[in-house]
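One line per chain: the protein sequences are A and B, in this order. Once you know that position 30 of the first sequence is 30 in this note's numbering, the rest is easy, because the numbers rise by one and skip nothing. To get this note's numbering, take the position in the second sequence, counting from 1, and add 150.
Check before you lean on any hint, since a few could be wrong.
To be verified - Sample of chain A residues at the chain B side, in silico, Cβ under 10 Å:
1. C14
2. T23
3. S27
4. K34
5. P44
6. Y47
7. E49
8. E130
9. I131
10. P133
Hint data in this document are derived by calculation from the structure and do not stem from the laboratory. Even glycine gets a Cβ: it sits at the ideal position worked out from N, Cα and C.
Listed here are the chains, written in short residue letters.
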Amino acid sequence: MKVLMVDKDKCTGCHQCELWCGTEIGSTSKELAKAIHETPQPVPRVYVEGKPFALQCRHCEEAPCLDACPNGTMRRDPETGLVYVNEPTCIACWMCVMVCPFGIIDPSPSLKVAVKCDRCRNMGYPICAEICPTGALSLAERKDYRKKKF
Amino acid sequence: MEFIQKKTADNAVEHFLPKAADKGTKLAWDRFEGQLPECGFCESGLSCRDCLQGPCISNPFRDTNKMGVCGKDKDVLTAQSLLRLVLKGTMATLDQVSDFTEGVASGAVKPNDKAETTKVLSQIDTLLKYGGAGMKAAFPKGMMAAWDAAGIVPEGVAKDLFKASQKTEGGIADVDEILARTLKAALLGTFARKLQGGLKKAVFGGGAEEIEVNMGVLNKDTATILLCGRFSPVLKVKIAEAAAKKKVAVMGVCTDPLLPPYTFAPVTTYGSQELPLLTGAVDLIVVGDQFVNPSLAAIAEENKVEAVPAETLKGQSPEVLAKTIVDKAVAAFSLRRSRVRDIPEAKETALMGLSASDLNVQKIALALNKGTIKGIALLMGTNNVKFTQDLPFVTLAQEFLKADILCISAGDASVSLAKYGFLNPRQSAKHCGKGVAELLRASGKDLPAVLDLGLAENGGVAEFLFALAAAAKKSIRELPILACFAEANRSAEAGEALSLVAMGVSTYCWPCLPVTGSPTTMKALSKLCRLQFGAELIIHTDKKMEPLAKAGLIMKVFNRAADPSVNDHPWTDWKK
Chain A
1 MKVLMVDKDK
11 CTGCHQCELW
21 CGTEIGSTSK
31 ELAKAIHETP
41 QPVPRVYVEG
51 KPFALQCRHC
61 EEAPCLDACP
71 NGTMRRDPET
81 GLVYVNEPTC
91 IACWMCVMVC
101 PFGIIDPSPS
111 LKVAVKCDRC
121 RNMGYPICAE
131 ICPTGALSLA
141 ERKDYRKKKF
Chain B
151 MEFIQKKTAD
161 NAVEHFLPKA
171 ADKGTKLAWD
181 RFEGQLPECG
191 FCESGLSCRD
201 CLQGPCISNP
211 FRDTNKMGVC
221 GKDKDVLTAQ
231 SLLRLVLKGT
241 MATLDQVSDF
251 TEGVASGAVK
261 PNDKAETTKV
271 LSQIDTLLKY
281 GGAGMKAAFP
291 KGMMAAWDAA
301 GIVPEGVAKD
311 LFKASQKTEG
321 GIADVDEILA
331 RTLKAALLGT
341 FARKLQGGLK
351 KAVFGGGAEE
361 IEVNMGVLNK
371 DTATILLCGR
381 FSPVLKVKIA
391 EAAAKKKVAV
401 MGVCTDPLLP
411 PYTFAPVTTY
421 GSQELPLLTG
431 AVDLIVVGDQ
441 FVNPSLAAIA
451 EENKVEAVPA
461 ETLKGQSPEV
471 LAKTIVDKAV
481 AAFSLRRSRV
491 RDIPEAKETA
501 LMGLSASDLN
511 VQKIALALNK
521 GTIKGIALLM
531 GTNNVKFTQD
541 LPFVTLAQEF
551 LKADILCISA
561 GDASVSLAKY
571 GFLNPRQSAK
581 HCGKGVAELL
591 RASGKDLPAV
601 LDLGLAENGG
611 VAEFLFALAA
621 AAKKSIRELP
631 ILACFAEANR
641 SAEAGEALSL
651 VAMGVSTYCW
661 PCLPVTGSPT
671 TMKALSKLCR
681 LQFGAELIIH
691 TDKKMEPLAK
701 AGLIMKVFNR
711 AADPSVNDHP
721 WTDWKK
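Work out the full structure: start from the sequences and follow the hints.
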């Protein structure tokens, strides 16, 4: 399973991943200049907060959000192993928000759905990794990723 | 992400692209692709580096960092981004004026009209110290009254530039005030351009000239000096004088091609300024700052061409520097004899440097009144690597001329258009629709399809607009004139665009100016311009819009079928 790898030494905290995620994934217009004006405000699925480190869903193998979801809205793609929100069935109970150890599930009060990174599972490559100016974000097999020592 | 699909419309440039790639020479297009995606915060005007507590951004998608450390919100940040750009643009113009006045005042050149030169020099001095109050007579009354009402009549460098620049330092100035200061700074540039044009005329004389453009003008058998960018006209003349004695050719890129009695054939336009060095037919380049890519230094070295800066901290007198430059070029030519000179067969004749007095404004006003022509398009600006080089200009001119819209151009936009024959008087029939062709014929002179009003920094466009408005007995805002910066690039162009709006000409600007991060700022700018000047700065955010679509968009306004943004269009013949 491929996950997003974050190289903390390369991340400069420029927030470009947030900006592009918000535009490409979170907005309806898919164009920055228009997305800025959208209401409700587009929600990026990646977070750069406090430290220069881009954090997004880790697609945990024992995902607490999957267990906490009362109606099967939070699902795992059997082929890719990616965890995603089936938006039409979300009841906005925010159980997943409560249990996520990383705090990366955003309770969107205006959209009434839980918003989280699905690693751009319907796109060729995650947008954040594609646009990261320093290459701090990249796509790597989880196995390889775990072998690395930080 | 938008990679450039087609880099240029110019075949001469295209000829060198694979050669540069083979040699491993990185050009502006390669570097642009390396920059993608460009920073979205900076692009939208949502970033700030004004103090060392930052850099700060206003994140449009997060509530935690909507404001900078000092409290600048997205509205202030965007307004200040525009202000910063315009300040730099106006300073670019003032730098040229200061170089020119210094050269003239030193007595290095003998002015054609001494009395007029003294008068303009003193006017420039007054403008820089006290502003434009003394220039009221040079601008239409109504226009000055509107500027006065908005509080944006320039008051000199200290009050317009120093004060405005302090708005980025702090304080509680709101968006409206920052925008008004921005316009004021832009107008100082307009006033300075007008005076610089006057000074050029007084010192060197004027008049349109037929010259040749594009890389085909380069020579195989003479030493060639290339003047790159804007720098002191006095130094340029001295170089030309010294070069004439030694039979050295002097040409230019992004520099004023006309400095009577000398002409400097434009070898190419801004976007491809690095390529003449790859021809092998340039023996030395003299480099200013404005409009010059710093990459020229490395590419010149790679191609064994010496690059001489037009000014250094410990400057030499123009005569001495010019002589050194020419001697070096002659020596370089003999050393470079064995090098292949690859000169593409791309050459066009262009009539450049027309002025309002060369054009029959009465007839143009009459044609507008009768509807023979639907309007006037001002094509301005340089090249921008974000667009296929020259294609926006060419497409707009082609479409406008066919639809009987008179096209006026200035500065580098003219050179872009000249490369495709739009400034060749013998080709005007090929490009023009019936109405424009009739008007050009009626002027009694052999005029090209697109009329060049000289370098933008010489204020020819403003002079033309004033003359036309006087002939039509209307204010500029009431005339169907639109300006288009189809490939806007330099900060000076942002200032020019704003001052055209302040004169009452609605102006399109591609790419977007850095105000798109705040709807409030965009609305305030629009409201201010609409109420005070009856014109608007029109910003389209669609990055992928094709040049033909842009032409269609503008033509709708010329056809009175669509208003750029609001309903109360001031054109007096607006049919709603």
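Going through the hints against the structure:
1. C14: holds, 7 Å
2. T23: Where the cut-off is 10 Å and the nearest Cβ of chain B is about 7 Å from T23(A), the hint holds.
3. S27: holds, 8 Å
4. K34: holds, 6 Å
5. P44: holds, 5 Å
6. Y47: Hint holds; Y47(A) Cβ to chain B Cβ min 8 Å, cut 10 Å.
7. E49: Nearest chain B Cβ about 7 Å off; hint holds.
8. E130: holds, 7 Å
9. I131: Hint on I131(A): holds, closest Cβ of chain B at ~5 Å, below 10 Å.
10. P133: With a closest approach of 8 Å, the P133(A) hint holds.
Figure legend: structure checked against the earlier numbered hints; every hint is met.
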